[in-house]
Amino acid sequence: MDARWSAIAFALFRIVAGLLFASHGAQKLFAVFGGPAATGKPLLLTAGVIELVGGLLVAVGLFARPAAFVASGEMAVAYFMAHAPGGFWPIVNKGEAAVFYCFAFLFIAAHGAGIWSLDSLRLRSAPASVTRPGVP
944 MDARWSAIAF
954 ALFRIVAGLL
964 FASHGAQKLF
974 AVFGGPAATG
984 KPLLLTAGVI
994 ELVGGLLVAV
1004 GLFARPAAFV
1014 ASGEMAVAYF
1024 MAHAPGGFWP
1034 IVNKGEAAVF
1044 YCFAFLFIAA
1054 HGAGIWSLDS
1064 LRLRSAPASV
1074 TRPGVP
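Read in our numbering, the sequence shown has 1022 at position 79, and its numbers run on one by one without any break.
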């Protein structure tokens, strides 16, 4: 597969992962998509904010690296707090989604936003000294 198609596939992956993650946050915060609101539970409210805001940032590709890194960490914490006590294997403890999101967002954090992102527009319009330190 040539590089152009790889870049398009990655952009679609980033957008879909971000939007799906944001929907989990919206579910926790606003009781939409068939789920109960996480009112009165500070840890779940924090998770909801990270999921909604982080998911939207990843989807549009704005500050995608730090947003994805925080989202990855949140999913690692969620897995070990909520799922791991139910058994070792993610398929048994119902933690597959948390593990998948954790590693998907870790990959996005390492890779960057790529094409079709606000980060690519933001960095393209930045002065050379901002994008390449040490270059006059």
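Fair warning: there could be bad hints in the mix.
Here are the computed distance ranges between Cβ atoms for each label pair [what the hints assert, rightly or not]:
1) 1069 to 1028: 42 to 48 Å
2) 958 to 1067: 14 to 20 Å
3) 988 to 1046: 37 to 43 Å
4) 946 to 983: 45 to 51 Å
Because the hints were derived from the structure by calculation, they are not lab data.
All residues carry an ideal CB built from backbone N, CA and C; glycine is no exception.
(request) Using the Cβ atoms, figure out if residue 1069 sits within 42 to 48 Å of residue 1028. (result) Once the Cβ atoms are compared, 46 Å apart, the range 42 to 48 Å for residue 1028 and residue 1069 holds.
(message) The hint says 14 to 20 Å between residue 958 and residue 1067; measuring C-beta to C-beta, is that right?
(response) At roughly 19 Å between Cβ atoms, residue 1067 and residue 958 fall inside 14 to 20 Å, so the hint holds.
(message) Given the hint of 37 to 43 Å, is the C-beta distance from residue 988 to residue 1046 inside that range or not?
(response) Given a distance of about 25 Å, which is not inside 37 to 43 Å, the answer is violated.
(request) Note whether the CB distance of residue 946 and residue 983 lies within 45 to 51 Å or breaks it. (result) holds (49 Å)
Hint check: a violation occurs at hint 3 only; the rest are consistent with the structure.
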